[in-house]
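Peer 1: Next come the chains, spelled out residue by residue.
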Amino acid sequence: MKIKISTKPIYYSSLIVLLLLGLTIHTTIVLPQRDHLTPQIIKGKMVWEEHNCIGCHTLLGEGAYFAPELSNVYERRGGSQGGIYFIKAWLKAMPTNIPGRRQMPQFNLTEDELNALIAFLKWTSEINTFSWPPSEKG
Amino acid sequence: MLYPSQAVAKPYFITAIALFAVQVLFGLIIGIQYVMINIPFITFATAKLIHTNLLIIWLLFGFMGAAYYIIPEESEQELYNSKLAVLLFWVFLALTIITTLGYLLLPYATFAKITGNQFFPTMGREYLEQPTIIKLGLFAVLCGFSYNIAMTILHGRKTMINLLLLVGIVGSTIVFVFAFYNPSNLVLAKYYRWWLLHFWLEGTWELIMEAILAYIIFKITGDRAIVEKWLYIIVAVTLTTSVLGIGHHYYWIGVPEYWQWVGTIFSVFELLPFFFMVLFVFNVVNCTKCQYSNNAVKLWALSTPIMAFLGAGVLGFLHTLAPVNYYSHGTQITSAHAHLAFYSTYVMIVLTMVSYAMPILRDHKVINHGISQKLEILAFWLMTVSMSLMALFIAIAGIMQIYVQRATEIALPFIEIQNSMVVMFWLREIGGVVFFIGVIIYITNFFMVKKKYGTR
Ligand code: HEM
Ligand SMILES: [Fe+2]
Chain V
-17 MKIKISTKPI YYSSLIVLLL LGLTIHTTIV LPQRDHLTPQ IIKGKMVWEE
33 HNCIGCHTLL GEGAYFAPEL SNVYERRGGS QGGIYFIKAW LKAMPTNIPG
83 RRQMPQFNLT EDELNALIAF LKWTSEINTF SWPPSEKG
Chain E
11 MLYPSQAVAK PYFITAIALF AVQVLFGLII GIQYVMINIP FITFATAKLI
61 HTNLLIIWLL FGFMGAAYYI IPEESEQELY NSKLAVLLFW VFLALTIITT
111 LGYLLLPYAT FAKITGNQFF PTMGREYLEQ PTIIKLGLFA VLCGFSYNIA
161 MTILHGRKTM INLLLLVGIV GSTIVFVFAF YNPSNLVLAK YYRWWLLHFW
211 LEGTWELIME AILAYIIFKI TGDRAIVEKW LYIIVAVTLT TSVLGIGHHY
261 YWIGVPEYWQ WVGTIFSVFE LLPFFFMVLF VFNVVNCTKC QYSNNAVKLW
311 ALSTPIMAFL GAGVLGFLHT LAPVNYYSHG TQITSAHAHL AFYSTYVMIV
361 LTMVSYAMPI LRDHKVINHG ISQKLEILAF WLMTVSMSLM ALFIAIAGIM
411 QIYVQRATEI ALPFIEIQNS MVVMFWLREI GGVVFFIGVI IYITNFFMVK
461 KKYGTR
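So the sequence lines, in the order shown, correspond to chains V and E. Residue 41 in the numbering used here sits at position 59 of the first sequence, and the numbers go up by one each step. Quick note, the numbering used here runs 10 ahead of the 1-based positions in the second sequence.
Think about it this way: if two alpha-carbon atoms lie no more than 27 Å apart in a straight line, the pair counts; the simulated DSSO-like pairs of lysine-lysine are:
#1 E/Lys384 <-> E/Lys229
#2 E/Lys239 <-> V/Lys(-10)
#3 E/Lys123 <-> V/Lys104
#4 V/Lys119 <-> V/Lys104
#5 V/Lys(-10) <-> E/Lys168
#6 V/Lys74 <-> E/Lys123
#7 E/Lys168 <-> E/Lys239
According to the in silico footprint, chain V covers these stretches of chain E (three or more CB under 8 Å from chain V):
#8 128 to 141
#9 256 to 263
#10 334 to 348
Because the hints were derived from the structure by calculation, they are not lab data. Built from N, CA and C at the ideal position, the CB exists for glycine as well.
Can you make the complete structure from the sequences, with help from the hints?
Peer 2: Right, here's the structure in full:
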């Protein structure tokens, strides 16, 4: 059986795909201009990924919702004054073994990996997210 | 069964259902960890990984089974290469088992090391946690599957249903390439991760779902012309709204501000295809006239669009506007939507298909035997009601979370807020137990009761 196929939707969809491609090209071009990545930050991202931190935490709101948002943890814990030391001490102190409290594993990161991870979290805290998250608690 | 090669669908369906049960079991484990009970041997992250990864995997098994069943019939043609379909089944199953065991038995970082993640880092991103070589294997399976389906259709009759299924399958395979793209700029990495996730869930998978639904409705009513007319409208609306709807994932990840406008304007209309699906089934299926006797299938097929409209459409709409998403992003609200949307759209369509095809694959002459129909309908209600309630409890938790963590001057720390929502998490876990009971009844019915009473 024959059905009459109007080409209008195909035309609109093509327009929309073109618009998506245009915006994507623009986004892909402007982003690296403001990112200033260093080898240490890139390594930090890999440390983050290889320990599956998003299995519990969110980063810029994406991940699991079991543990706190970490895109702003560097600032939340005092930035260059405290953030570095806090994050290091925190990772080394896990797990807390406090009964009835959610536990985070001990990852046994080397000093190098810790510094890279902190550089990555610092870099992440500087991303322009239009003041998201709404509160410093994430 | 009209074509013997349709039988390759059977192992796919059985595996899908078995993995479904395992997936839900791991859901119960993380649900328990949410109510502050630490259990030994398994961390939250590991169990969550298995819960979400198995979901994607078993739905793919279900889609593959559905395609291998539908395509020969629609193309009036034996499957191009049924040996390949069987081979791919074993490869896919092996990949699934190896990956799951790897997650369970090894620390994630060790799994990453021994699979060479440092040479081609793609791991550690939500839903894309599989080792790079496993992703390659998965890609190979998808390619072989697409090839087999494409060749069958090429040699056979072309209908709107099988062509749409083909577009959905080939599209999913192409989009999967983005699993391998993980730029070192976190913002870009997030940007392109959604090209896979959004374009699967709200794009190519949605097309597959629409094709399966259309096929089932056609089987119930026997009227192809009217099904195709509706299908055409639904697909057109899906494509025009979903593509730029991707912007609803780009509000707060560090990309330019115009995405807030693009995402908001287009994704608002993403509810329309689901609305049309509801109109479609209720206009087309007139059950006082239809001859079809499998009541369970009718129930699944008519409920899927309604539930998808609620879970994907309405719950999606509620947090898709940028100003709302500013508060809801990254809270339990997202989880509530993800649960109901996945269940209502994809779990339900696969179960509809299984419900329709399995009795035929097993050669049952009579498919509406009393006991087995009653049990399946009971399982349907247990699962559907408990999942809706679970989504409700999680959404309430989300609203509480937004209120104390984000909408007040002096916000409490994350963990304290989570403790205060523990009642909701308990209710959710109870919902999960009821859901699991539904799954068990469904499986018992399929593998025991239907076998015994299927043929009169
Ligand atoms: C077709 C079925 C759909 C499925 C299976 C689905 C599933 C999902 C999943 C898995 C996520 C991510 C959850 C996470 O990261 O933990 C998500 C996020 C989202 N979905 Fe859907 N979805 C569907 C349809 C829709 C529709 C139609 C809309 C809008 C009208 C929508 C709006 C959203 C939004 C705004 C987010 C981002 C939430 C956030 O992180 O702030 N979804 N969805
Ligand atoms: Fe989306």
